[in-house]
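Trainee: Now for the letters of each chain:
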Amino acid sequence: MRSPAGNAIETAPLPGCAWVPDFDAVYEAHLDFVWRTVRRMGVRPADTDDVVQEVFFVVHRRLAEFEGRAQLKTWVFKILVHVVRHYWRTHQRKPGDHAADDLAELQTLAADHEESPTARLERVEALRVLDGLLARLDEDKREVFVLAEIEQMTAAEIAEIVEANVNTVSSRLRAARQEFEKALLRYRAQELRRQS
Amino acid sequence: MNDLGPEARSILEAARGAEVPTRADRQRIKHAVLLRVATLGAVSTTAGGAVAMSLATKVTVAALTVAVLGGGSASLLAWKAHTPPAPVASARTTPRTSRVSPARPVAAPEAPTVVEEPSPKPGLPEMRRREVARSEARPAETVSVPVTEVTPAPVPALNSLDPELAVLRQAQEDLRAGLPAQALRRLAEYDRRFGKGALDQERRAIEAIALCQVHPGPAAQAKAERFLRVVPESPLAERVRSACKKSDEISKQSNGIVPGREP
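Which chain is which? The protein sequence lines are U and S, in order.
1 is the number of the first residue of the first sequence in this note's numbering; add one for each residue after it.
1 is the number of the first residue of the second sequence in this note's numbering; add one for each residue after it.
There may be inaccurate statements among the hints.
Non-contacting residues of chain S with respect to chain U, defined by C-beta distances greater than 12 Å in every case (computed) [said to hold, decoys possible]:
hint, residue
1, Glu7
2, Val37
3, Ala166
4, Arg169
5, Asp174
6, Gln182
7, Arg193
8, Gly195
9, Ala219
10, Ala222
11, Ser242
Covered stretches of chain U, going by a simulated chain S footprint (3 or more residues, C-beta under 8 Å) [unchecked claim]:
hint, stretch
12, 33-47
13, 53-62
14, 124-136
15, 175-183
Simulated restraints, written as ranges between beta carbons of each label pair [what the hints assert, rightly or not]:
hint, chain 1, residue 1, chain 2, residue 2, range
16, U, Thr90, S, Ala188, 42 to 48 Å
17, U, Asp140, S, Gly178, 57 to 63 Å
18, U, Glu67, S, Arg192, 43 to 49 Å
19, S, Gln27, U, Gly132, 30 to 36 Å
20, S, Gln27, U, Glu163, 30 to 36 Å
21, S, Arg226, U, Arg194, 55 to 61 Å
If you are wondering where the hints come from, they were derived from the structure by calculation, not from laboratory data.
C-beta atoms are modelled at their ideal positions from N, C-alpha and C, and glycine is treated no differently.
Could you put the whole structure together from the sequences, leaning on the hints where they help?
Mentor: Take a look at the structure:
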């Protein structure tokens, strides 16, 4: 089924038409962002497979219940957030605690990308810095920040996903940006001291 | 401070799309997900809860093992104890067929409540600005999949396991019916069709149990010992051990040796 915009996956069912998204298509379309978000949410690389699996396992089980009233991506993200929150609880560590351990495990970075070694190193460095900075945010702020600034979701979408109202989301995002900037300044200052 | 500076934006920009799963990751994860789905279909209601608790692929395979052999919930629970519990799939599992069908209603009462239809409320100004800019500058952000990909397609990972699973299930049924020789014939069929298949470990467990029932003696014991040596942590280890211990006792009794009184 194709929507007027040509977006097959996001298409809402026609009245009276029992349309259910195909799991394969959902998987292929959403794996990258699920994987990326799971990583940015502070799940350590060694656990990434398990957490991503869990997300898609739930997606598979609940796919028939998806009625197409919301964007599929939002729906998948909501499942992702639940799974990641559970991960944090069961691991009893705050997201990002593993960041320092994980720096050497960015080898999956852009594995399929055709880019120069220099560009790849720059990306690795950016991710290393990013994970270090994200680790300084608490869970609520980190969720909102990742969804807004990396996945570029709207406040309304994030509010739906994290089950908070839009004002709360905006407030968290504002605070997260401030903390992120401060953390970046501290990081740069440390770098400068180290170099001098 | 409502917005990020250029350096922060640069870092975030670099992160977008930078870390992606490899082709191998994609296949491995999908296979694991579909295997779990298949496991739910294969597993009985007694073992299903335990199966659904698993997170890792290895546990899924173990669960599948138990599903195939049946009645192994206790050993699976023991196995599960070493694995972090899954957040959402933890309770009752209704029997299902193992065929993956996205259109089939899937009961997941314990899964996170997912409410559709976000209610758009006015956001703060910066969020609104970003929404507008995004809609213009990033049309590809929303998921776009060709219609051909959306039409129901075969799921090779799961489908490739179905035939193996079916044969092993039949073999298990034979064992339950007290027909170990018939179970061994099924395993011969399994070998002929799949060679060293994906469920070879499970196949060897069934073989050891069947041999210990039909031909108790050194050969059966050797099979069982080999299985236990190779995969001592298998959730089936206890079943194999138990089945072959009985056969060993029977074998010794038939040879006039009283268990526990050997020289």
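Trainee: Given the hint of 42 to 48 Å, is the C-beta distance from threonine 90 of chain U to alanine 188 of chain S inside that range or not?
Mentor: 44 Å, holds
Trainee: Given as covered by chain S, does the stretch 33-47 of chain U meet the bar of three residues or more with CB within less than 8 Å?
Mentor: It holds, with 4 qualifying residues against the three required.
Trainee: Is it true that arginine 226 of chain S and arginine 194 of chain U lie within 55 to 61 Å of each other by Cβ?
Mentor: 57 Å, holds
Trainee: Counting residues of the stretch 175-183 of chain U that have a beta-carbon nearer than 8 Å to any beta-carbon of chain S, does the count reach 3?
Mentor: holds (count 4)
Trainee: Taking C-beta pairs only, is glycine 195 of chain S more than 12 Å away from all of chain U?
Mentor: 27 Å, holds
Trainee: Going by Cβ atoms, does serine 242 of chain S stay more than 12 Å from chain U at every point?
Mentor: 31 Å, holds
Trainee: Would the least Cβ to Cβ distance between glutamate 7 of chain S and chain U come out above 12 Å?
Mentor: Non-interface label on glutamate 7 of chain S violated, nearest chain U Cβ at 6 Å vs cutoff 12 Å.
Trainee: Could you tell me whether the CB distance from glutamine 27 of chain S to glycine 132 of chain U stays inside 30 to 36 Å?
Mentor: 31 Å, holds
Trainee: Over 12 Å from every CB of chain U: does alanine 166 of chain S meet that, or does the non-interface label fail?
Mentor: With a cut-off of 12 Å, alanine 166 of chain S remains clear of chain U, as the shortest Cβ separation is near 21 Å.
Trainee: Beyond 12 Å on every Cβ pair: is that true for arginine 193 of chain S relative to chain U?
Mentor: Consistent with the label, arginine 193 of chain S stays out of reach of chain U, its closest Cβ about 26 Å off (over 12 Å).
Trainee: Confirm or reject the statement that valine 37 of chain S sits farther than 12 Å, beta carbon to beta carbon, from all of chain U.
Mentor: At about 6 Å from chain U, valine 37 of chain S fails to clear the 12 Å cut-off, so the statement is violated.
Trainee: Taking the minimum C-beta separation from glutamine 182 of chain S to chain U, is that value above 12 Å?
Mentor: 35 Å, holds
When held up to the earlier numbered hints, the structure conflicts with 1, 2 and fits the remainder.
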